Amino acid sequence: MMRVIRQRPVATAIALLSLAVLLVLPITLGRFGNYMLAMWATMTIAAMGLNLTLGYAGQISLAQGAFVGIGAYISAIMTTNGWPLGAALVVAIVVCFAIGWLLGYPALRVQHHYLAFVTLSFSTLAYLVFRNEEWLTKGTYGIYSIPRPTILGYSLKHHLDFYYFALMWLVVISLLMWWLVRSPWGRAFTALRENPLRAQSLGVDTRLYTLMAFAIGSTMGGVAGVLYAPLVEFIDPNPFALALSFNLLLMVIVGGSGYFLGPFLGALIAVLLPEWLRDYTSDFYLVAYALLVMILLIFSPTGILGLVDRLATSRRARRASEARAAETPRIKAKEGA
Amino acid sequence: MSSFATLVIAGLATGAIYALIAIGFALLWQASQTINFAQGEFVMLPAFFALVAMGLGLPYWAAALITFVLAAVLLGAMFKRLLVDPMLKHGVIPLAMATMALAIFLKESVKDLYSAEAYPFPSLVPPVNVNVLGTNVSLQHIAIIVVALVTLVALTWLLDHTTTGRQMQATAQNPTVARILGIPVERMIMLTFLINAVLVVIASLLVTPIYLAKFSSGETLGLAAFVAAIIGGFNQLRGAIVGGFLLGVIDNLAAAYVSTQYRAAVPLFILIAVILFRPEGLFGRKEERTV
Chain C
1 MMRVIRQRPV ATAIALLSLA VLLVLPITLG RFGNYMLAMW ATMTIAAMGL
51 NLTLGYAGQI SLAQGAFVGI GAYISAIMTT NGWPLGAALV VAIVVCFAIG
101 WLLGYPALRV QHHYLAFVTL SFSTLAYLVF RNEEWLTKGT YGIYSIPRPT
151 ILGYSLKHHL DFYYFALMWL VVISLLMWWL VRSPWGRAFT ALRENPLRAQ
201 SLGVDTRLYT LMAFAIGSTM GGVAGVLYAP LVEFIDPNPF ALALSFNLLL
251 MVIVGGSGYF LGPFLGALIA VLLPEWLRDY TSDFYLVAYA LLVMILLIFS
301 PTGILGLVDR LATSRRARRA SEARAAETPR IKAKEGA
Chain L
1 MSSFATLVIA GLATGAIYAL IAIGFALLWQ ASQTINFAQG EFVMLPAFFA
51 LVAMGLGLPY WAAALITFVL AAVLLGAMFK RLLVDPMLKH GVIPLAMATM
101 ALAIFLKESV KDLYSAEAYP FPSLVPPVNV NVLGTNVSLQ HIAIIVVALV
151 TLVALTWLLD HTTTGRQMQA TAQNPTVARI LGIPVERMIM LTFLINAVLV
201 VIASLLVTPI YLAKFSSGET LGLAAFVAAI IGGFNQLRGA IVGGFLLGVI
251 DNLAAAYVST QYRAAVPLFI LIAVILFRPE GLFGRKEERT V
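As you go down the protein sequences, you meet chains C and L in turn. Each residue of the first sequence is one higher than the last, beginning at 1 in the working numbering. Each residue of the second sequence is one higher than the last, beginning at 1 in the working numbering.
Keep in mind the hints are simulated off the structure, nothing from the lab. Keep in mind the model is a prediction, meaning the values are calculated, not measured. C-beta atoms are modelled at their ideal positions from N, C-alpha and C, and glycine is treated no differently. Check before you lean on any hint, since a few could be wrong.
As the list claims (entries may be wrong) - Part of the chain L face toward chain C, derived, beta carbon under 8 angstroms:
1) Pro94
2) Tyr257
3) Val258
4) Gln261
5) Val266
What the hints assert, rightly or not - Okay, the calculated bits of chain L under chain C, using three or more residues with CB under 8 angstroms as the criterion:
6) 74–88
7) 199–212
To be verified - DMTMM-like mimics (lysine to aspartate or glutamate), calculated; alpha carbons at most 20 angstroms apart, straight line:
8) C:Lys138 / C:Glu233
9) L:Lys214 / L:Asp85
10) L:Lys214 / L:Glu280
11) L:Lys214 / L:Glu117
12) L:Lys111 / C:Asp279
13) L:Lys89 / C:Glu194
14) L:Lys111 / L:Glu219
15) C:Lys157 / C:Glu275
16) L:Lys111 / C:Glu233
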């Protein structure tokens, strides 16, 4: 930890500053603002998981919304039956890891758009189960009055308190993720994305890492779901339809897939921008959002951070070439003398 | 027995529509590596063009004509120029993502600009049943099958027996060699987009009288078209046609004999099985790609 701070002082300063803003800002906001920020933290966790699968390991998945749904239903069913949220979290992690692992198997056989359709099918099947298995999920009636957790006798029923709870989870998971992508595991995931054949020939067990990328990414979707249920306090199958998977995918892409901060930014835009646009464009906010996403993709398919990265690189290159240009006449002058 | 025959005919009618949508989907993939996630919305939208035109007092045929023109411009030419061309160089997946955003854009635009309600839509033939060999058959289903078959035959003829069609096939198979041989590759790709626009309008005019015009109706249709194209084989038109019909029949039989709740799951299981065991599709060729 200390090494990180020493090596990257600017990044550490920005991280601490952002955290300070995230801690102070909600106090100035109303109930709805706190609720939306908690939603942002939850969706960021899910998008971070998808970023691991898609951005780092290069496996497209249209099933992340289904895992949020699985996590949310486990959380809702267990806590309404008197279990603590922590128990639901453990069950959700185990279940989502196992299902995510199984969903990785098709990725061993097919790639790209075929994989997109397999995961899309899984997402639709999960939705059908949420809707039809009424004995378990109460179907379209939904599950009401999901309790907010109580920690050491302190209830999180206020939106502000729950936001801090969600933020704590976001910070914990971000640190785990930071460690993961910098570990040999993270390097192996990237190798898988860049050139699977070469990774295999260098001795990376591509089979294991493909399955792991799916399993870990899906587990993070499940964890987000566990937080989602007590946040909204009522769930039915509709929020977990295919649209959520598409939205999570767009969050990762818009933010910048394969960038650590991509999901934070993508979720910020996908969750908060429509609410902000709503003030200006009334009903048209989704139309405006979709249009902005298309324009962004045309100019920068690697998302906002990709654009920033490209601008920074070209500026660095320009500065370097200016420096070289400044060097040249002096050398000539020396030669002339 | 007669109810089984009725189900199969209803299935063939649904399948004929799936086949039209799936072919367009496969054509776009072949001509320019476009996985159009908005294909379902492309079928939903023309019905609303026609509704607006008829709302202005135009007769059905005139509204249909205007719909064809609007679709060719918006869903054919503009889709290619404004979205596909700039995105194509970034690769298959970013382009697919852009079409996902386009799907949201079209769906929400219809919802906000027109309405979120479902609207009835005039059909080509009166909704009566006729007796064919002792089986009650809906005249509408027969009309759908006939129109779709005529369209499919015409398209196949165009592709196999005209110079333009052969040039289009050459473009799809190997654009570089096609360009060397003097085929106007760009124009052929544009033509493919226009054909897709025509196909989705025909599908829209056929399907909307049955399912009503609604902003969200593209979701199920688009998914069905993907499934049909993959079951049949992405790189073969014949595959997409057979896949479409097969899916329509399976869909209707599953609704009657499996359960209405899990009707939608049956095609998805078939899709997963096909992708896992025969990814090139039941009728497709293996796609060979360099690493």
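For each hint, the structure was consulted:
1. Pro94: With Cβ-Cβ at 4 angstroms, under 8 angstroms, it holds.
2. Tyr257: 17 angstroms, violated
3. Val258: Because about 12 angstroms separates L:Val258 from the closest Cβ in chain C, which is outside the 8 angstroms limit, the hint is violated.
4. Gln261: 4 angstroms, holds
5. Val266: Where the cut-off is 8 angstroms and the nearest Cβ of chain C is about 11 angstroms from L:Val266, the hint is violated.
6. 74–88: Held - the segment 74–88 of chain L has 3 residues with a Cβ nearer than 8 angstroms to chain C, which meets the minimum of three.
7. 199–212: The restraint on the segment 199–212 of chain L is violated, since only 0 of its residues have a Cβ under 8 angstroms from chain C and three are required.
8. C:Lys138 / C:Glu233: It holds: about 15 angstroms lies between the C-alpha atoms, which stays within 20 angstroms.
9. L:Lys214 / L:Asp85: Judged against 20 angstroms, a Cα distance of about 30 angstroms means the pair is violated.
10. L:Lys214 / L:Glu280: 34 angstroms, violated
11. L:Lys214 / L:Glu117: 6 angstroms, holds
12. L:Lys111 / C:Asp279: 18 angstroms, holds
13. L:Lys89 / C:Glu194: 18 angstroms, holds
14. L:Lys111 / L:Glu219: Satisfied, since the Cα-Cα distance of roughly 14 angstroms is no more than 20 angstroms.
15. C:Lys157 / C:Glu275: Since the Cα atoms of C:Lys157 and C:Glu275 sit roughly 23 angstroms apart, the hinted pair is violated (cutoff 20 angstroms).
16. L:Lys111 / C:Glu233: 28 angstroms, violated
Comparing the model with each earlier hint shows violations of hints 2, 3, 5, 7, 9, 10, 15 and 16; every other hint is respected.
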